[in-house]
Amino acid sequence: MTAGAAKLARAADDSIAIPGKRPMILHNDRPEDLETPVRYFDSWLTPVDAFFVRQHIPRPAPIDPAAYRLTVNGMVSKPLQLTLADLQKLPQATVPATIECTGNGRGFYTPKVPGIQWGRGAIGNAEWAGPRIADILKAAGASSSPAFLETDGADTGVAKTPDFVRSLPMKKAMHPATILALKMNGQAIPDIHGFPARLIVPGWDGTSSVKWVVRISAAAEANKGFFMNPGYRYPKYAIPPGSPAKPAELEVIEGMPVKSSITAPEDQGKLALGSIAIRGFAWAGEEAIERVEVSTDGGSRWRDAQLSAPKLPFAWRLWLLDWRPADPGYYTILSRATDSKGRVQPIVAPWNPSGYLWNAIDRVGVTVEKA
Amino acid sequence: MTGRLLWLAGVAAGAALGADPAAVARGQKEEARSCIPCHSLRLIHSQRLSRAAWNKELDKMAGWGTAIVDRDALLEYLEVNFGDDKAPPAPVMSQDGVKK
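As they're listed, the protein sequences go chains V and G. Each residue of the first sequence is one higher than the one before, starting from 1 at the first, in the numbering used here. Each residue of the second sequence is one higher than the one before, starting from 1001 at the first, in the numbering used here.
Since the hints were derived computationally from the structure, they do not count as laboratory data. All C-beta atoms, glycine included, are put in the ideal place defined by N, C-alpha and C.
Simulated crosslink set (DMTMM-like; lysine to aspartate or glutamate; CA at most 20 Å straight-line):
no. : chain 1 : residue 1 : chain 2 : residue 2
1   : V       : Lys171    : V       : Glu221
2   : V       : Lys112    : G       : Asp1059
3   : V       : Lys112    : G       : Asp1085
4   : G       : Lys1056   : G       : Asp1084
5   : V       : Lys89     : V       : Asp135
6   : V       : Lys183    : V       : Asp49
7   : V       : Lys311    : V       : Glu127
8   : G       : Lys1029   : G       : Asp1070
9   : G       : Lys1029   : G       : Asp1059
10  : V       : Lys270    : V       : Asp297
11  : V       : Lys78     : V       : Asp135
12  : G       : Lys1056   : G       : Asp1085
13  : V       : Lys160    : G       : Glu1057
14  : V       : Lys171    : V       : Glu251
15  : V       : Lys341    : V       : Glu286
16  : G       : Lys1099   : V       : Asp49
17  : V       : Lys112    : G       : Asp1084
18  : V       : Lys246    : G       : Asp1059
19  : V       : Lys171    : V       : Glu254
20  : V       : Lys246    : G       : Glu1057
21  : V       : Lys370    : V       : Asp322
22  : V       : Lys224    : V       : Glu249
23  : G       : Lys1060   : G       : Asp1072
24  : V       : Lys183    : V       : Asp152
25  : G       : Lys1099   : V       : Asp191
26  : V       : Lys112    : G       : Glu1057
27  : V       : Lys183    : V       : Glu127
28  : V       : Lys370    : V       : Asp327
29  : G       : Lys1060   : V       : Asp163
30  : V       : Lys172    : V       : Glu254
31  : V       : Lys236    : V       : Glu249
32  : V       : Lys160    : G       : Asp1059
33  : V       : Lys171    : V       : Asp152
Interface residues of chain G toward chain V, partial, derived using beta-carbon atoms under 7 Å:
no. : residue
34  : His1039
35  : Ser1040
36  : Arg1042
37  : Leu1043
38  : Ser1046
39  : Leu1049
40  : Ala1053
Only chain V is shown next, with the shape it has when bound in the complex:
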């Protein structure tokens, strides 16, 4: 880095505190792209002040809850403008769900791909509550024929940056767990996470869960904007690392793969010989986690980790293995998850040009020293 660039970077770092957030791994401050350090992942529900943030474009100006309106239109017989009070009057569903950025783990791919170089922490598990999308659409008289639900957030692009609009197959939108969340871990959703209302699409990639939702439309076709195509697409057939994808063979991502991550001990840490807790989380999109195995010898022998209850689709399970190494030395610790559908976390995550869906067996190295 040239001296001038280094000075600019330092000036930014020294002054950045994100209101309402603990110290976070700062990938970008304008707009905010914040990763949760793994040491904060010590509870089933990730506290709001530790939850990761991914903004594509700057946040909209703070939304006045009294002035807020949700437009429900498109292929509906009764287009609506709903207030926050209207949304609060509908039956409220509570859904524990993990949200993971599509690009979480991108930084682990070789060759490097453009985008935020996330490590393990662009993920979190929260309890979301709000009306079901199905109930909102029912109130608007939506027929069963539209194939898609289009969702627009209040954020708008800078210069000619595309607007953030996403489409969801109607079948997923109508699922009873798909909600317009008004609450996150029991409190109003903070502005940085989409106040006053954000979509929650359990088991799908984070980009599906649009923030600051101001419009939902029933539509015959999927939106054709950047964030649906070519954004957030994944090769239908695996391609050699470093090679371009064929645009016609890129598909919208639906669901998420099976994955576990190690949150303790931290990579390249030094530990005293004795009892060592190896901990982490595992989730599998629309499936539930069945098993997590841990190896402390580079993958020769595997032991089952203890899993937290409950076993649910959409939400992660925390896992724990009490490890008592006999000798000092350097150890390679691995974790491997299996889900209720029988999917097993792979040794190699398929390389793809956007660095999405990293789910390789996790790996940390630690040095155990004589106490």
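We have chain V already, so just place chain G on it with the hints.
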């Protein structure tokens, strides 16, 4: 800044042999002019990409309305400082925004 100082800055950055320090310096000015209006520079500085990949990013940004004037210099600057042969930067933490 004199030519000699620019040359030294280039060496300090581990510039590839043959990189033109004057172009790299112009590229840095171009970065400040054309990138900062939409996002902080951390988004750029945290990535390590090949020249071809940076070039593609510049295409994308131009398509999104960025008027890049000195594009060759910007590309030179990106390759010299943030090329895929450079080590990834250490993570940077934000300050505590809760205990204010």
